[in-house]
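Undergrad: As a plain string of letters, each chain reads:
Protein chains: 4
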Amino acid sequence: MSEHDTLLALRDALRAFAAERDWERFHTPKNLAMALAGEAGEVIEHFQWLSADESANLPEERRAEVALELADVLLYLVRLADVLDIDLGEAAQRKLALNAVRYPADKARGRSDKYDKL
Amino acid sequence: MSEHDTLLALRDALRAFAAERDWERFHTPKNLAMALAGEAGEVIEHFQWLSADESANLPEERRAEVALELADVLLYLVRLADVLDIDLGEAAQRKLALNAVRYPADKARGRSDKYDKL
Amino acid sequence: MSEHDTLLALRDALRAFAAERDWERFHTPKNLAMALAGEAGEVIEHFQWLSADESANLPEERRAEVALELADVLLYLVRLADVLDIDLGEAAQRKLALNAVRYPADKARGRSDKYDKL
Amino acid sequence: MSEHDTLLALRDALRAFAAERDWERFHTPKNLAMALAGEAGEVIEHFQWLSADESANLPEERRAEVALELADVLLYLVRLADVLDIDLGEAAQRKLALNAVRYPADKARGRSDKYDKL
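Chains as they are written, first to last, in the numbering used here: chain G, 8 to 125; chain R, 8 to 125; chain P, 8 to 125; chain W, 8 to 125.
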């Protein structure tokens, strides 16, 4: 990735993509939230029968398929944030800061039972 | 958002966050794919009983909650891509290019029945 | 549906189906929960671009596809409950009773904002 | 579970529950599909950080919570099938028959890579 792969650039590209196709009418937050969840479901289907180790050692072909599924999730996520006028980058920074307070490194170390978020 | 809100910067912040807490052991692709889907489910719950119009006009408090849910999705998505050694920004650019070919503006204009992707 | 379409009958059929294929090893609660979520994602993809009215008036071919997707959700749900030794029918009756207390008919009438559950 | 825990009985109970609260207006297939996916997301969140073994040995309190989440999935699933006029029990029997053809016991034995469905 480069300094040019900003969420801002993706947002603008998706905004233009939808406008050129007159798709804004379909891109309600409700519909985009459904599309986001649908794509997340496609991601999970790649991993459901794999062991933890297998999931970390995907055959190259499968890994390439997953890469495009993750891209789908990102594209819908950025588009959903845009139609809601949410600054996704700012929200992510804010959530990171909240998580740092919520899970102090010394308290959370190595304990999955102490957290349900990143 | 600024030019500094790159997926690369988020990836590095999350990598450090997990390392400081010794959470890499929990961050298998399988587990992170589940966390991603779980967060997408939380997003959808905000919209399930709303009309299309209501979803586009959220009360400010609800919109702020949704912003943090979208952030959660992004954080898990970036972290999942990282542990899979997938360049999420590159994959997104590739998917955008594929979609441009798949949905020519003149053919796809205004037709939801002609697509199932952005 | 008939009086014979019991969750119990489905549970037993799925138990035999997995045993005959030596699939119990794959049917951990974790894996089955992922499969359940993946199928729910397939259901949602059928509706994401439809209006409320369109969703209530599916073309027959689409409705037949959705029927099999709902069946997939049910099969994984029943199987997941079984491997967790959860009595799904009893849990459903209990949840119905809880919802009746949680959403008194006179208080909840016509108000989506007063509930997030059935 | 007993012979009385039929999908038919649940369907009727949910139909009455919605009617008494004037909730039919909210129970469009689109909305119920979202609610179903949202509940599936809640199920998955219970398992995302657990190992396969941990997921098969839930503490009793956690197992009781999961039971009610599975009930939520079933209730929305049965209600969604009803508003779509889909016979869920019949669809499940049909899907079981299709899976028996799709995954012959002798060919599918012990192979997760040969299937993506029950």
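These are calculated hints, taken from the structure and not from any lab test.
It cannot be assumed that every hint is accurate.
Identical chains share a label here; the pair holds if one copy fits it or two copies do between them.
Here are the simulated lysine to any residue pairs, SDA-like style, with alpha carbons at most 25 Å apart [what the hints assert, rightly or not]: (1) K114 <-> D94; (2) K114 <-> L103; (3) K114 <-> D92; (4) K114 <-> A63; (5) K114 <-> L91; (6) K114 <-> E61; (7) K114 <-> A71; (8) K114 <-> L15; (9) K114 <-> Q100; (10) K114 <-> R101.
Undergrad: Work down the list of hints and note, for each, if the structure agrees.
TA: Each hint tested on the structure:
1. Taking the shortest Cα distances, K114 and D94 never come within 25 Å of each other, neither inside one copy (31 Å) nor across copies (32 Å).
2. Taking the shortest alpha-carbon separations for K114 and L103, only the intra-copy value of 17 Å comes in at or below 25 Å, while the best inter-copy value is 40 Å.
3. Neither within a single protomer nor between protomers do K114 and D92 lie at most 25 Å apart by alpha-carbon distance, with minima of 36 Å and 29 Å respectively.
4. Taking identical chains as interchangeable, the C-alpha atoms of K114 and A63 are never at most 25 Å apart, the minima being 27 Å within one chain and 27 Å between chains.
5. In this assembly of identical chains, K114 and L91 lie within 25 Å of each other by CA distance neither inside one copy nor across copies; the values are 36 Å within and 27 Å between.
6. In this assembly of identical chains, K114 and E61 lie within 25 Å of each other by CA distance solely across copies; the values are 22 Å between and 30 Å within a copy.
7. With identical chains, the CA atoms of K114 and A71 are never at most 25 Å apart, being 37 Å at best within one copy and 28 Å at best between copies.
8. For the identical chains of this complex, K114 and L15 are neighbours neither inside a copy (35 Å) nor across copies (27 Å), given an alpha-carbon limit of 25 Å.
9. Taking CA atoms no more than 25 Å apart as the test, K114 paired with Q100 passes inside one copy only; the shortest distance there is 22 Å, against 39 Å between copies.
10. Proximity of K114 and R101 under a CA criterion of 25 Å is satisfied intra-copy only: 21 Å inside one chain copy versus 38 Å between copies.
In the structure shown, a violation is registered for the earlier hints numbered 1, 3, 4, 5, 7 and 8, in ascending order.
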